[in-house]
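So you can see what is in the structure, the chains are spelled out below.
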Amino acid sequence: MSIAKTTTTAGSGPKPHHHAHHFESAEHEFSAAKLGLWVFLSTEILMFGGLFVGFFIFHGIYPEMFKEGSTFLDWRLGAVNTVVLLLSSFTIATSVYYAQKNNQKAVVLNLAATIALGAVFMMIKYIEYASKIEAGLLPGQLFSYEAAEAANLGLYFSFYFCMTGLHGLHVLIGMGVMAWVLKRAINGEFGPGYYTPIEGIALFWHLVDLIWIYLFPLLYLVE
Amino acid sequence: MHGAHSHNYLNHEKGLWSWLTTLDHKRIGVLYMISVFIFFFIGGVFAMLIRWELFSSGQNIVSPAGYNQLMTFHGAIMVFMVIIPGIPAFLGNFFLPLQIGAKDVAFPRLNLLSWYCLMVGAAIAFMSLFFSGADTGWTFYTPYSIQTDTGTIWLVTGAFVMGFSSILTGLNFVVTTHKLRAPGMTFWKMPLFVWSLYSTAILQILATPVLGITLLLLVAERVLGIGIFDPALGGDPVLFQHFFWFYSHPAVYIMILPAMGIISELITTYSRKTIFGYKAIALSTVGIAAVSFFVWGHHMFVSGQSEIAGIIFSFITMLVGVPTAIKTFNWVATLYGGSVRFDAPLLYALGFIFLFTIGGVTGIILATIATNVHFHDTYFVVAHFHYVMVGGTLMAIMGGVYHWFPKMFGRIVDDGMARITFVLIFVGFNVTFFPQFVLGAMGLPRRYADYPVAYEALNKISSIGSWTIGLGFLLALYVIIHALKRGEKAGDNPWGARTLEWQTSSPPPHENFDKPPVVTAGPYEYR
Numbered sequence: 000m001s002i003a004k005t006t007t008t009a010g011s012g013p014k015p016h017h018h019a020h021h022f023e024s025a026e027h028e029f030s031a032a033k034l035g036l037w038v039f040l041s042t043e044i045l046m047f048g049g050l051f052v053g054f055f056i057f058h059g060i061y062p063e064m065f066k067e068g069s070t071f072l073d074w075r076l077g078a079v080n081t082v083v084l085l086l087s088s089f090t091i092a093t094s095v096y097y098a099q100k101n102n103q104k105a106v107v108l109n110l111a112a113t114i115a116l117g118a119v120f121m122m123i124k125y126i127e128y129a130s131k132i133e134a135g136l137l138p139g140q141l142f143s144y145e146a147a148e149a150a151n152l153g154l155y156f157s158f159y160f161c162m163t164g165l166h167g168l169h170v171l172i173g174m175g176v177m178a179w180v181l182k183r184a185i186n187g188e189f190g191p192g193y194y195t196p197i198e199g200i201a202l203f204w205h206l207v208d209l210i211w212i213y214l215f216p217l218l219y220l221v222e
Numbered sequence: 000m001h002g003a004h005s006h007n008y009l010n011h012e013k014g015l016w017s018w019l020t021t022l023d024h025k026r027i028g029v030l031y032m033i034s035v036f037i038f039f040f041i042g043g044v045f046a047m048l049i050r051w052e053l054f055s056s057g058q059n060i061v062s063p064a065g066y067n068q069l070m071t072f073h074g075a076i077m078v079f080m081v082i083i084p085g086i087p088a089f090l091g092n093f094f095l096p097l098q099i100g101a102k103d104v105a106f107p108r109l110n111l112l113s114w115y116c117l118m119v120g121a122a123i124a125f126m127s128l129f130f131s132g133a134d135t136g137w138t139f140y141t142p143y144s145i146q147t148d149t150g151t152i153w154l155v156t157g158a159f160v161m162g163f164s165s166i167l168t169g170l171n172f173v174v175t176t177h178k179l180r181a182p183g184m185t186f187w188k189m190p191l192f193v194w195s196l197y198s199t200a201i202l203q204i205l206a207t208p209v210l211g212i213t214l215l216l217l218v219a220e221r222v223l224g225i226g227i228f229d230p231a232l233g234g235d236p237v238l239f240q241h242f243f244w245f246y247s248h249p250a251v252y253i254m255i256l257p258a259m260g261i262i263s264e265l266i267t268t269y270s271r272k273t274i275f276g277y278k279a280i281a282l283s284t285v286g287i288a289a290v291s292f293f294v295w296g297h298h299m300f301v302s303g304q305s306e307i308a309g310i311i312f313s314f315i316t317m318l319v320g321v322p323t324a325i326k327t328f329n330w331v332a333t334l335y336g337g338s339v340r341f342d343a344p345l346l347y348a349l350g351f352i353f354l355f356t357i358g359g360v361t362g363i364i365l366a367t368i369a370t371n372v373h374f375h376d377t378y379f380v381v382a383h384f385h386y387v388m389v390g391g392t393l394m395a396i397m398g399g400v401y402h403w404f405p406k407m408f409g410r411i412v413d414d415g416m417a418r419i420t421f422v423l424i425f426v427g428f429n430v431t432f433f434p435q436f437v438l439g440a441m442g443l444p445r446r447y448a449d450y451p452v453a454y455e456a457l458n459k460i461s462s463i464g465s466w467t468i469g470l471g472f473l474l475a476l477y478v479i480i481h482a483l484k485r486g487e488k489a490g491d492n493p494w495g496a497r498t499l500e501w502q503t504s505s506p507p508p509h510e511n512f513d514k515p516p517v518v519t520a521g522p523y524e525y526r
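Residue numbers (numbering that gives the first Met the number 0), protein chains in the order written: chain F, 0 to 222; chain P, 0 to 526.
It should be emphasised that the hints constitute simulated quantities derived from the structure, not laboratory data.
Ideal placement from N, C-alpha and C gives every residue a C-beta, glycine not left out.
Hints should not be assumed to be uniformly reliable.
Derived pair list, reagent style DSSO-like, types lysine-lysine, alpha-carbon separation capped at 30 Å [claimed, not checked]: (1) F/K33 - F/K100; (2) P/K488 - P/K514; (3) F/K33 - P/K188; (4) P/K514 - F/K33; (5) F/K33 - F/K182; (6) F/K100 - F/K182.
Derived list of chain F stretches under chain P, where covered just means 3 residues or more per stretch with a C-beta under 8 Å from a C-beta of chain P [said to hold, decoys possible]: (7) 34 to 41; (8) 139 to 146; (9) 149 to 161.
Chain F residues, not near chain P, derived (Cβ > 12 Å throughout) [to be verified]: (10) A92; (11) Y96; (12) Q103; (13) A112; (14) I123; (15) K182; (16) R183; (17) H205; (18) I212.
Take these sequences, add in the hints, and give me the full structure.
And the structure:
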């Protein structure tokens with residue numbers, strides 16, 4: 000325990016943040032919150048890990064099926080979404096930077112931009128899902144596309160929908176949390192002395208982005 | 000300390016609402032205590048009914064379908080609602096911050112949320128009973144869990160939600176241990192209970208999410224028929240077993256590691272002697288946690304995994320015996336030459352060592368592929384894991400409850416009565432489960448509602464033993480209620496222990512310590 004400094008970050012715009020009673024200082028609280036977030040991210044990786052392992056196992060068993068399945072995905076839409084998410088990772092990182100620099104307006108703008116980019120991602124996802132559903136390219140039992148060559152092609156779409164679905168759910172949850180953070184940012188609660196929620200949602204958002212960086216080549220560009 | 004115990008966490012706020020919204024780790028620990036005791040009672044009643052049905056050959060009190068439900072709910076309740084939250088979320092929640100000299104856990108709101116996750120998950124799981132129940136066993140093996148048209152999905156969803164409770168507890172404990180230790184408390188000065196909770200927390204964090212995705216996929220399999228575990232659609236049911244045991248084997252150590260931590264505390268306190276091999280015990284805890292991730296395949300020797308995989312899993316499984324034996328030898332060495340006080344907590348600790356050794360050694364027998372093929376899915380396996388889970392974990396919980404009761408509620412438990420509970424539970428336990436080793440070796444398969452008459456004598460002995468255990472636990476409940484109402488006032492440190500929680504008043508104040516403690520000595524400096 001070396002965190003004995005009691006730096007009072009007074010002044011400088013935002014309302015002062017009172018750290019919880021069981022911490023010694025705001026820095027102490029921040030470092031604990033950050034460690035907690037990293038631990039939480041590791042649980043996310045392990046959860047997605049199950050799906051990735053399943054994907055690789057079945058890809059090994061049925062390489063032809065996975066190859067055929069990927070031809071039904073539009074890599075252009077996937078690529079656009081990759082760019083959208085990368086951009087959103089940039090804007091959220093920028094909002095952390097501006098919080099540290101105490102630029103309230105830029106924090107709000109960048110958070111709003113991130114939410115908007117998340118929405119664009121989900122809209123493109125919706126377009127993709129709608130075309131799959133229409134064509135009967137559905138998971139397992141529900142698969143009804145008639146011109147499929149590989150047997151059990153529905154299994155590929157089980158992975159497609161489970162992996163992108165769980166990922167999409169994370170995007171939605173991230174947008175929801177970000178809306179709450181945005182509201183607090185508009186109230187002027189963040190500044191160099193306290194920006195833990197922005198840092199937290201940014202870390203989470205980077206992970207969601209990172210998972211997509213793996214999903215895109217695995218699902219869309221598989222050979 | 001100030002002599003007056005007037006102001007403490009129990010009377011800091013008043014009313015049921017203050018309990019349901021509390022952020023105090025001690026109160027959340029008490030909430031967990033009450034719920035775990037209730038779940039234990041329900042799971043225990045199911046166990047008694049199982050043994051009643053098996054008292055004699057033929058159908059006695061329930062139909063075979065009803066028996067499958069009893070067996071499933073007994074297992075699911077005891078695993079997900081009793082043993083997994085039992086030590087970390089109840090005793091750990093209460094004592095981890097106290098033992099490291101913190102005011103609370105790092106994230107008190109997440110701590111409360113974890114309790115609600117357990118409650119909501121349990122409610123969902125019990126909903127299953129209104130939808131024709133579940134009959135898959137607590138392991139939910141596919142393809143049966145996909146085909147059975149009963150309320151399995153509720154039980155699975157409930158287990159999924161309860162997983163969040165476990166994850167949140169683990170996350171809280173890791174951060175608390177890293178960030179909230181009192182000045183002077185280095186890692187090598189932490190009590191061994193903290194070491195065990197820390198290792199357990201790592202397992203909870205890394206293993207539970209895999210169960211989460213597995214159960215989600217199982218729900219999707221049932222609702223949508225995604226086919227990942229269904230061979231008819233190109234899937235693989237054995238993959239479910241891999242996923243399930245990737246969590247559930249480490250989960251076995253989520254259940255036993257904190258128990259070992261309690262035993263370390265008890266042995267050293269009641270023999271009034273510095274623990275022998277502190278670092279060896281601490282590191283062996285971490286060692287068991289690490290190895291536990293690479294042994295899951297030993298549940299699947301007959302499930303069609305490759306022979307070479309079987310041999311590797313068998314070998315790694317046997318490695319677990321090494322750190323476990325290190326602990327056992329160190330405990331015995333601590334007792335040697337100590338001024339041993341045979342209070343009830345120590346009796347439970349000795350019971351743990353005895354029973355856990357039997358459970359561990361039979362584990363080696365099961366880890367051996369050749370013998371495993373013979374014993375697989377027989378009562379030998381049932382006896383083995385009950386020796387570890389009941390003989391191990393429940394013994395430790397009982398010892399821990401009696402040991403820390405004076406600190407939690409400021410009152411002394413009647414030690415004579417507590418010793419009687421030990422005798423009933425210990426004797427009853429051996430009478431119940433030792434014959435099951437023999438039954439298993441004779442080839443009696445587990446999870447069946449009936450058996451041929453040739454197996455009847457040993458089954459009768461087993462059932463009689465189970466009622467003795469039941470009596471022992473009922474008496475234990477009485478002892479605790481009696482102590483709550485009529486127990487003598489406890490001093491701050493009735494056992495003369497050295498860890499930090501005994502340096503504050505009993506019960507502790509709202510923020511645990513009147514003055515933040517500064518640590519200068521190790522946790523077990525007796526002599």
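Hints, verified against the model:
Using a Cα cut-off of 30 Å, the hinted pair F/K33 and F/K100 holds, with the two alpha carbons roughly 19 Å apart. With a CA separation close to 23 Å, the supplied pair P/K488 and P/K514 stays within the 30 Å bound. Distance check on the hinted pair: F/K33 and P/K188 sit about 25 Å apart at the alpha-carbon level, within 30 Å; holds. This hinted pair checks out: P/K514 and F/K33 have alpha carbons roughly 27 Å apart, not beyond 30 Å.
A threshold of 30 Å between alpha carbons decides the hint, and for F/K33 with F/K182 the separation of about 21 Å falls inside it, so the pair holds. A threshold of 30 Å between alpha carbons decides the hint, and for F/K100 with F/K182 the separation of about 19 Å falls inside it, so the pair holds. Three residues within the 8 Å Cβ limit are the bar, and the stretch 34 to 41 of chain F against chain P gives 5, so the coverage statement holds. For the stretch 139 to 146 of chain F, the assignment as covered by chain P holds, since 3 residues bring a beta-carbon within under 8 Å of that chain's beta-carbons and 3 suffice.
Beta-carbon proximity to chain P at under 8 Å applies to 8 residues in the stretch 149 to 161 of chain F; the threshold of 3 is reached and the given coverage holds. Every CB of chain P is more than 12 Å from the CB of F/A92 (nearest about 24 Å), matching its label as outside the interface. Every CB of chain P lies more than 12 Å from the CB of F/Y96, the least distance being 25 Å, so the non-interface label holds. The Cβ of F/Q103 sits about 27 Å from the closest Cβ of chain P, beyond the 12 Å cut-off, so the non-interface label holds.
Listed as a non-interface residue, F/A112 keeps its Cβ farther than 12 Å from every Cβ of chain P; the least gap is roughly 30 Å. The Cβ of F/I123 sits about 23 Å from the closest Cβ of chain P, beyond the 12 Å cut-off, so the non-interface label holds. Distance check on F/K182: its Cβ is at least 19 Å (rounded) from any Cβ of chain P, clearing the 12 Å threshold; non-interface status holds. Look at F/R183: its CB is around 16 Å from the nearest CB on chain P, clear of 12 Å, so calling it non-interface holds up.
The claim that F/H205 lies off the interface holds: its Cβ sits roughly 18 Å from the closest Cβ of chain P, which is beyond the 12 Å cut-off. Chain P leaves F/I212 outside its interface by the beta-carbon criterion, the shortest separation being 19 Å against a cut-off of 12 Å.
Violation of the numbered hints given earlier is absent; every hint is satisfied by the structure.
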